[in-house]
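Trainee: So the protein lines, in turn, are chains C and B. To convert a position in the first sequence, counted from 1, into my numbering, add 83. To convert a position in the second sequence, counted from 1, into my numbering, add 2.
Everything labelled a hint here was simulated from the structure, so no lab data went into it. Computed from a predicted model, the values in this text were never measured in an experiment. Using N, Cα and C, we set each Cβ at its ideal position, and we do this for glycine too.
Mimicking BS3-like on lysine-lysine, the simulated pairs with C-alpha atoms at most 27 Å apart in a straight line are: (1) K176(C) x K134(C); (2) K119(C) x K142(C); (3) K176(C) x K70(B); (4) K119(C) x K134(C); (5) K140(C) x K153(C); (6) K80(B) x K176(C); (7) K26(B) x K119(C); (8) K70(B) x K26(B); (9) K119(C) x K176(C); (10) K153(C) x K142(C); (11) K26(B) x K176(C); (12) K140(C) x K176(C).
Away from chain C, derived, C-beta distances all over 12 Å, residues of chain B: (13) P10; (14) V14; (15) V21; (16) K80; (17) E85; (18) P86.
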Amino acid sequence: GQQVMQIPQYQHVQEGEDFTTYCNSSTTLSNIQWYKQRPGGHPVFLIQLVKSGEVKKQKRLTFQFGEAKKNSSLHITATQTTDVGTYFCAGPKSGGSYIPTFGRGTSLIVHP
Amino acid sequence: DAGVIQSPRHEVTEMGQEVTLRCKPISGHNSLFWYRQTMMRGLELLIYFNNNVPIDDSGMPEDRFSAKMPNASFSTLKIQPSEPRDSAVYFCASSLVGVYGYTFGSGTRLTVV
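Next comes chain C alone, as it looks inside the complex:
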C-alpha cells in the first residue's frame, strides 16, 4: 500500500522564524491532506490538495503539492507559540482509496 514519508521528525524554532515540513511518496498521489495535532489533542484537518502544482494558503500557512504529485510541503511563516504541535500529511492508502495513510508527522516546537 501507499506510504508517505515525512521529514524532519522534529523541528525547534525561535518564535518568528519560518518552518517547513516535507512529505514524500514513492508513487503518485491522487490527493494529499494535512492535519495538525496539538499536544494531548487529536488530529484536526487543515487542507486537501488535489491538483498538480497546487498551492494553497491559510493565513501564515502555505501548502504545496508537487508537479509530479509525489511530494508536498507545509510552510509556516513567522511561527507563533500557537503553532506548536505535530503536523501530519496523509495520502490515500492505495489508488483511488478513501482511506488515508498518515506520515509519522513533524513535531514543531516554538521557543518564545
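Starting from the structure of chain C, add chain B where the hints point.
Mentor: Using the frame of chain C, we list chain B on its own:
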C-alpha cells in the same frame, strides 16, 4: 454539531481484561475509521467501515481485536484479552465519502497494566 464522540476518554485496565471503546460519528457521515496512535508506530489504521460495513480490516493486529458498527451512529472496538502492548491512544474518525477531510474524536487513552 457535537463532532465525533468517543468514550471513555481514559481507560486503565489489567492485563487479560476485556476493553470496549465506543464511538459516535458525525450524523450523516458514511465512513468511519479506527486508528491507534503510539510513539513507536505513529497513527495506524485499524479498520474502515463504509455504510456500516467493514471494508478494510487489514490493520487489526490480531484476533484479540474486533470492531462492530451495528448502525450509522455507533461503533465499538473491543480488545479481549487486553495486553500491555495494547496501551495507546485510540482514535475514531468519520467522514462523508467524496467530501474533503476526516473528523477525529478526542480519543481514548488506554493503559493496560
